[in-house]
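Colleague: Spelled out from the first residue to the last, the chains are:
There are 2 protein chains.
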Amino acid sequence: MDEIIYGKNSVLEALIAGDREINKILISKNNRPDVKLNKIKELAKEHGIVFQFVAKEKFSQYSEFNHQGIIAQISPIKYLDLDDFLENKHSNESLIILDGIEDSHNVGAIIRTAVCAGVSGIIIPSRRNVQINSIVEKTSAGAINHIPIIKVNSLNNAVEKLKNSDWWIIATDASAKDNHYDINYNDMNFAIIMGAEHAGVSKSLLKLSDFIVKIPMIKEFNSLNVSNALAIIIFEAVRQKLTGKH
Amino acid sequence: MDEIIYGKNSVLEALIAGDREINKILISKNNRPDVKLNKIKELAKEHGIVFQFVAKEKFSQYSEFNHQGIIAQISPIKYLDLDDFLENKHSNESLIILDGIEDSHNVGAIIRTAVCAGVSGIIIPSRRNVQINSIVEKTSAGAINHIPIIKVNSLNNAVEKLKNSDWWIIATDASAKDNHYDINYNDMNFAIIMGAEHAGVSKSLLKLSDFIVKIPMIKEFNSLNVSNALAIIIFEAVRQKLTGKH
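So the protein lines, in turn, are chains Y and F.
Take the first sequence: its position 181, counted from the start at 1, is 181 in our numbering, and no numbers get skipped.
Take the second sequence: its position 48, counted from the start at 1, is 1048 in our numbering, and no numbers get skipped.
Hints are supplied without guarantee of correctness; some may be wrong.
Said to hold, decoys possible - Using C-beta positions, here's what the derived DEER-type ranges look like:
| no. | chain 1 | residue 1 | chain 2 | residue 2 | range |
| --- | --- | --- | --- | --- | --- |
| 1 | Y | ASN38 | F | ALA1055 | 50 to 60 Å |
| 2 | Y | GLN61 | F | ALA1055 | 56 to 66 Å |
| 3 | Y | SER175 | F | ASN1164 | 41 to 51 Å |
| 4 | Y | ASN153 | F | ASN1157 | 22 to 32 Å |
| 5 | Y | ASP166 | F | LYS1138 | 41 to 51 Å |
| 6 | Y | LYS245 | F | PHE1211 | 35 to 45 Å |
Keep in mind the hints are simulated off the structure, nothing from the lab.
Quick reminder that beta carbons are idealized off the backbone N, C-alpha and C, glycines included.
Whenever a hint applies, use it, and build me the whole structure from the sequences.
Modeller: See below:
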């Protein structure tokens, strides 16, 4: 289980101190609004932290704690800010952008593969994507500690910022015309957007992308698992880098 | 849960009929030996089926059945015999050999990726490897029904047979000198052996292999997840096939 902070006072203090990375705040629907709860909601909004109203049954797993119907889930890692990342000079580097990946095991496997491939960072949105929880940490086999995780409120804004900072954006889409190995990955900074297995990359992100590529298959029975798809693309870039061949 | 057969008579009949693929037989340690149990053990040995003596608590999940302390776990799929597979003519095809993969999710992901890459079959040993269970089936996203699974008693014997039938054997090993993309995968039948994440491919199989290759990494912090590693190699073969470029 992820580390949690429970009870109104503790959650409020954590929000005020701002020294712990909070993934999500859960509030029981049975809680009556009061000054502290309102303050918690206000601060959560201010810091872009997701808060959800849930049925009180959701809290049964926390029954050993005096939680007062409020729980904050703490991230096991410290996130990096995109602006701080972009302040440093980057050349011939890569990033991975996760757009709505819902399976923690897949996110863990992607992070592990990304580290092996020398990727410079993983960008995740603060909503509609798995956050960095203990399953991600475990599946990454420790890789999570070897790569910056950049959490952003809007992937669209993040992609705009990257484009303005000389990064090329590559989105994956099963119906793309170009193949992933048609791209020359050498001599540029590039970010690869991986979408959810069924929904794919969001339309707005596809529009912002410089390249849209697919992984051509011999047998089109189904799509690949998202971590396997990412592995194929990023290690094609590694092959190009190490051999100098496109 | 896997499909099961329970009770001495049913398990014995299934063994005699031989028309259902049994993955494993579980016998409660509290069971006294009798004629039927001895016959079950004898037939299981004869057919290379694993049987395990387990604490009676293991049977609590089957309490709704009148199991008499004996359960046979049935495979959801029908296996193909290697000799039957080799009787057909093969050209420019590929196989994947799983040598001690212990995680069902990885086996499922490997099967899914293999189908997308047009692989002709998966070879698994009857011991020391995940069998085809319901997790494998689910993780494969249905791919399990689109590729023959070839179960063999000895991987060494299977590899010898493949070599005698004009198949080239490629093993993966982190300390290999050659890179996976150095191989020209066109114009040959090849089988790729993937080993367990920690132990790697068995020494005896490495000796029998025609090629031993690694996936070169940019950052050597850890090995890749085995399904991601397989995806990288088999889709390099797909790239070569589709582009004609080595």
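Colleague: All hints, please: hold or fail.
Modeller: Consistency of the hints with the structure:
1. Y:ASN38 with F:ALA1055: 50 to 60 Å: holds, 54 Å
2. Y:GLN61 with F:ALA1055: 56 to 66 Å: Given about 28 Å between the Cβ atoms, the range is violated.
3. Y:SER175 with F:ASN1164: 41 to 51 Å: holds, 44 Å
4. Y:ASN153 with F:ASN1157: 22 to 32 Å: Violated, at about 58 Å.
5. Y:ASP166 with F:LYS1138: 41 to 51 Å: 43 Å Cβ-Cβ, so the 41 to 51 Å window holds.
6. Y:LYS245 with F:PHE1211: 35 to 45 Å: violated, 20 Å
Comparing the model with each earlier hint shows violations of hints 2, 4, 6; every other hint is respected.
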